[in-house]
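Peer 1: Below are the chains, spelled out letter by letter.
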Amino acid sequence: MRLPKPRGGLSEWLVARLAEPELSGSAPGADSWDDESISLWTLHELSFRGFEDADDRAEWDPDLLGVRRDLETALEDRLRARWAEAGVDATPALADVPTALEDLVATDDGPSLADFVRRRADRDQVLELLRQRSVYHLKESDPSAFVVPRLPVRAKAALVALQFDEYGDGDPNRLHSHLFARGLEAVGLRAEYGAYVDDAVPENLEMNNAGSLFGLHRRLRGAAMGHLAAFEMTSSLPSRKMVQGLDRLGLEGPMSDYYDEHVEADAIHEHLAARDICGTLADDEPDQAAEILFGAFTCLDVEARFATAMLGAWEDQR
Amino acid sequence: MSGRDFDHPDVVLVPHGPMLLRGAESVQDLEGTVHAVDRPVVALCRCEKSSRLPWCDGTHKVIPRS
Ligand code: FES
Ligand SMILES: [Fe+2]
Ligand SMILES: [Fe+2]
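Going down the list, the sequences are from chains A and B. Under the numbering used here, the letters of the first sequence match residues 1 to 318, in that order. Under the numbering used here, the letters of the second sequence match residues 1 to 66, in that order.
Think of the hints as simulated: they come from the structure by calculation, not from any bench. Just so you know, even glycine gets a beta-carbon here, dropped at the ideal spot from N, CA and C. Hints should not be assumed to be uniformly reliable.
[Unchecked claim] Sample of chain A residues lacking proximity to chain B, with all beta carbon distances greater than 10 angstroms (derived):
(1) Arg-131
(2) Asp-199
(3) Ala-313
[Stated by the list, open to error] To give an idea of the chain A side of the interface with chain B (calculated C-beta under 7 angstroms), a few residues:
(4) Pro-152
(5) Arg-154
(6) Ala-267
(7) His-271
Assemble the whole structure, with the sequences as input and the hints as a guide.
Peer 2: Quick look at the structure:
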């Protein structure tokens with residue numbers, strides 16, 4: 001993947017600095033949320049697959065780590081403020097963490113993009129959604145993989161069992177992000193990793209940044225696992241709606257196969273994540289219980305904001 | 001340290017949800033069809049409302065609990 005297009009002063013500075021590490025001078029402030037989001041997304045990406053036109057050593061460049069830290073602090077503060085504002089009781093009895101997760105998911109009233117796809121979306125809207133989603137799905141479970149060494153025994157075993165399925169149970173053809181890439185190709189979109197980052201709306205970048213932030217910091221392991229649980233717990237029914245919508249629009253084939261796989265897989269994963277990962281983590285590390293719920297809330301919240309933005313933009317076009 | 005410190009049952013019943021089954025190679029459904037299993041854990045539907053029996057598809061969550 002090549003470096004993304006700048007969206008303001010900070011990302012312009014960052015992209016120049018990544019391409020040309022000798023460049024001196026300090027980072028300007030961000031011009032906008034968009035500028036901030038693409039900058040943090042780019043800095044995180046250095047720890048995933050990187051960019052062919054960036055210096056690989058930039059991942060641990062102290063100046064860039066300073067910029068990343070400021071952006072991460074701003075993001076985390078924003079996410080925690082929303083969590084505090086939601087006023088959810090974040091002190092579940094430890095044995096009840098899986099139930100508390102279920103309650104959180106059950107009371108989620110964000111709009112459903114999958115519903116819209118199933119019933120009303122036209123072909124262009126679905127393709128636009130798939131381009132946006134590709135930023136996430138071509139990475140899919142990678143942020144959670146960083147958490148493995150940071151977990152106690154039971155949660156670690158359960159996370160690896162879940163990830164084994166995400167990574168195709170040993171068969172590269174079944175690796176979930178690869179299935180999504182095949183799906184993109186089949187509907188005539190570009191399948192390379194990061195192909196549509198320049199099209200990503202800030203709500204989408206923020207959704208991805210939150211997942212990477214949680215995955216990359218040991219301190220945020222509880223939030224990372226709560227985020228994973230909420231994701232898995234809200235996947236199988238919407239995935240089925242995606243299949244119905246794709247089929248309705250004549251987009252059956254590998255793309256609907258991707259969602260079809262998630263109907264079944266995530267009906268399993270949600271229990272592994274809520275009970276065997278989050279439940280045992282809270283049991284072993286009680287201070288993580290509230291963090292698990294914060295992560296789960298954030299997953300639902302950023303998705304709701306993304307869905308609201310997409311549906312709003314489509315509404316305006318009508 | 002004993003050889004087994006943790007409970008790790010092969011079958012787990014989820015309250016109001018599916019039956020989780022670990023390490024199975026095949027499952028026979030109500031019609032007698034045998035399905036190969038290619039995952040370490042599968043979720044078998046217990047509410048009988050799944051659209052892809054014998055597997056759970058999450059439908060149990062939208063059925064009112066009696
Ligand atoms: S138990 Fe999940 S759909 Fe029946
Ligand atoms: Fe997946
Ligand atoms: Fe999953």
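Peer 1: Against each hint, give a clear statement of whether it holds in the structure.
Peer 2: Now the hints, each set against the structure:
1. Arg-131: It holds; Arg-131 of chain A is separated from chain B by about 26 angstroms at its closest Cβ, greater than 10 angstroms.
2. Asp-199: For Asp-199 of chain A, whose nearest Cβ neighbour in chain B is about 30 angstroms away, the distance exceeds 10 angstroms, so it holds.
3. Ala-313: holds, 29 angstroms
4. Pro-152: Since chain B brings no Cβ nearer than about 11 angstroms to Pro-152 of chain A, farther than 7 angstroms, the hint is violated.
5. Arg-154: holds, 6 angstroms
6. Ala-267: holds, 4 angstroms
7. His-271: For His-271 of chain A, the interface hint holds, since the closest Cβ of chain B sits about 6 angstroms away, which is under 7 angstroms.
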